[in-house]
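In order, the protein sequence lines correspond to chains A and B. Mind the numbering: the first sequence is residues 1140 to 1217 in this note's numbering, read in order. Mind the numbering: the second sequence is residues 1140 to 1217 in this note's numbering, read in order.
One or more of the hints may lead you astray.
For chains that are exact copies, the list does not tell them apart, and a pair is met inside one copy or across any two.
[What the hints assert, rightly or not] List of simulated lysine-lysine pairs, BS3-like, C-alpha gap at most 27 Å:
hint	residue 1	residue 2
1	K1217	K1181
2	K1193	K1217
3	K1164	K1143
4	K1164	K1193
Please keep in mind that the hints were generated in silico from the structure rather than gathered at the bench.
There are 2 protein chains.
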Amino acid sequence: MTSKAVFYHAGCPICVDAERQFAEKLDPRQYQVEIVHLGQAKNRISEAEAAGVKSVPAFVIDGHAYHINFGAALDALK
Amino acid sequence: MTSKAVFYHAGCPICVDAERQFAEKLDPRQYQVEIVHLGQAKNRISEAEAAGVKSVPAFVIDGHAYHINFGAALDALK
């Protein structure tokens, strides 16, 4: 059974790199990946924040936030 | 063709979680993953450091460091 992994980003170079190296490289037999651009989908910022996301790029998997390096603070996207 | 992804950790809870959620979930058709415990393989700390790793857990892929959250500073493992 695949779990869901949500990848939040904001189009920044560090985000694009993380998307290429992780979001596109997770095993599709393990994760169903959803990619969310928080600069464009500002209505999803609160859901990311509620899961503990402080900055992008970040994944939320099983309700836990995983920040990959640092591209932009969530606060800067509001 | 698979690329190599090296996952550096130190056995900390955040490391173990990142290993489970990322190192074990990358698509084996895309990456060949090597898992390195820097607490046990201290001779590999310098190679991680040279690739830009500042803390664990972290991946090095194509010479770039990707830190996932923060478990322990590399300096604390020396």
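Hint-by-hint comparison with the structure:
| no. | hint | verdict |
| --- | --- | --- |
| 1 | K1217 with K1181 | within (7 Å within a copy, 43 Å between copies) |
| 2 | K1193 with K1217 | within (12 Å within a copy, 29 Å between copies) |
| 3 | K1164 with K1143 | both (14 Å within a copy, 12 Å between copies) |
| 4 | K1164 with K1193 | both (23 Å within a copy, 23 Å between copies) |
Hint violations for this structure: none, all hints satisfied.
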